[in-house]
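**Q** Residues per chain, in single letters:
Number of protein chains: 2
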Amino acid sequence: MTIETITIIGMGLIGSSLARRIKESGLASKVIAADYDRDVCDKVVELGIADEVTDKLELSVEEANMVIMAVPVGVMGKVAQRVIPYMKDGAILSDTGSVKAAVAEDIKSFCRSGIHFVPAHPIAGTEFSGPESGFSTLFEGRWCILTPLPDVSVKAVEDVTRLWEGCGSMVEIMDIKHHDLVLGITSHLPHLIAYTIVGTANELEEDIKSEVIKYSASGFRDFTRIASSDPTMWRDVFLNNKEAVLEILQRFNEDLTAMQRAIRKGDGEYLYRRFGETRAIRKAIIDIRQE
Amino acid sequence: MTIETITIIGMGLIGSSLARRIKESGLASKVIAADYDRDVCDKVVELGIADEVTDKLELSVEEANMVIMAVPVGVMGKVAQRVIPYMKDGAILSDTGSVKAAVAEDIKSFCRSGIHFVPAHPIAGTEFSGPESGFSTLFEGRWCILTPLPDVSVKAVEDVTRLWEGCGSMVEIMDIKHHDLVLGITSHLPHLIAYTIVGTANELEEDIKSEVIKYSASGFRDFTRIASSDPTMWRDVFLNNKEAVLEILQRFNEDLTAMQRAIRKGDGEYLYRRFGETRAIRKAIIDIRQE
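From first to last, the protein sequence lines stand for chains A and B.
Residue numbering for the first sequence follows my numbering, beginning at 1 and increasing consecutively.
Residue numbering for the second sequence follows my numbering, beginning at 1001 and increasing consecutively.
Any given hint could turn out to be false.
[Stated by the list, open to error] List of simulated lysine-lysine pairs, DSS-like, C-alpha gap at most 25 angstroms:
#	chain 1	residue 1	chain 2	residue 2
1	B	K1265	B	K1283
2	A	K283	B	K1214
3	A	K30	A	K43
4	A	K242	A	K108
5	B	K1283	A	K209
6	B	K1177	B	K1108
7	A	K78	A	K242
8	B	K1043	B	K1030
9	B	K1043	B	K1088
10	A	K214	B	K1242
11	B	K1242	A	K209
12	B	K1283	A	K214
13	B	K1209	A	K265
14	A	K177	A	K78
15	A	K30	A	K56
16	A	K283	B	K1043
17	B	K1209	A	K177
18	B	K1209	A	K242
19	A	K177	B	K1265
20	B	K1108	A	K283
21	B	K1078	B	K1108
22	A	K78	B	K1265
23	B	K1177	A	K214
24	A	K108	A	K56
25	B	K1283	A	K43
26	A	K88	A	K23
27	B	K1177	A	K265
28	A	K242	B	K1078
29	A	K177	A	K155
30	A	K242	B	K1265
31	A	K283	A	K265
32	B	K1056	A	K265
33	B	K1177	A	K209
34	A	K177	B	K1056
If you're looking for bench data, these hints aren't it; they were derived computationally from the structure.
Just need the whole structure built from these sequences, with the hints factored in.
**A** Shown next as structure tokens:
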């Protein structure tokens, strides 16, 4: 299948990687890139990764058979509201957001019959942002989770599946609430923790802070990489996946308090047992070759 | 300078990497490897990374000009107590522990005049353990922090400095209490957090747990790597650097509570500001080429 015309809204890391891949692999005959930011549009023109580039979102979708919104979760609803009235009947609307339930709720309220909405989440990324950070193999070998609502057309889900498979991804269908809980654990909480710990270090007295930077060992250095991800994207994730994140954060807090108590009481047996248990998960992850 | 005879006690990741490097670079004429575990000794013989291998710690130090203890922090004192009576007058005793103050206190109580004790901490490692995991370039380009006590001979500090420089490390002298605070932030707290978050995931209901493993995204995957480090080593770190870890953990907890409150209240402005602040530290770390 080749899509006739695809429009990608939002030319950040994800959108620009998608555009590159679609162009390279010929997954669509025509790629239209849209971004409200003119500087970003200029950059995309310069990079030559789309057939047309525009900062007029409404115009960008008029001839599209498929529209992918790759914008921060917090503006996904607004972008959908703006472009849906201009989309062709029968066109597919999809997205790349890391949070699905709240966003789908929002978009559904603007949707109309004739538009097939298929939420998608490619689990891929780096700590870098902007169109110049994208690359066409970003999705290669990574999961892409679709969370279609019950009433959507099977054909539309198939089309979105084929797009992501064409990008090298492995596609899975998941219940939308379940997605937000699983990702809350594997991605959202780790980012929150990393931002917090690097923030704690950032507020240390200047002399200690400079030494923390100088001697940053593997643990802390990994956290700073995670904590240099795009602030807008992550703010929106936490505002839109509040429930799942707060639930898992509470469990984490209980476990951390138990660790703290064991350290205070000098309970080496507890610490040794807890530290040993976590190796099994690591092994399982290595075994399924996600590392 | 070539050391005549060096004894390394403990043939784990650090000890075996050190033995490999010393042999390769000819930093000592003779390398004696000691480990109380006979299986480990057999492995070291097989690997051929030392001139002599023994499980008799006392015998291993008798002809040594320098003795390096590369054992978990929790048994450092006991090992020192056992070997010091057998060491030659004028010999240097050093270690590779990640915690310095509590251990030095312990060792000092067993020391005698004629033995020069120079605590050292090579900031290097991987998540793997055992003699087969070591490699000779482990210390290349990494810091090694010496925390000599006030009354030690300058010559002994120079000798230990040259050893680590010979291993490719950059050596710095630091106050011993200060070392434990800085490392508490850059290494000990991140490991505790990683162990905790992977432990939290480990206790999830089975169906969610298997999906967490399957879809483990970059954040969580990094944490599982950190949390697969040696449990004995890390138990001992927390038991021996209690004060610094608990202090920094309290600051972290306060910051995490503030993040939690912001998510609950939907305070996007706060989250955005905090997420933006941490990029500066990342940049500073990249600028000094530790990444």
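**Q** I'd like to know which numbered hints this structure contradicts. Please list them from smallest to largest.
**A** The structure breaks hints 1, 9, 13, 20, 28, 31, 32 and 34; every other hint is satisfied.
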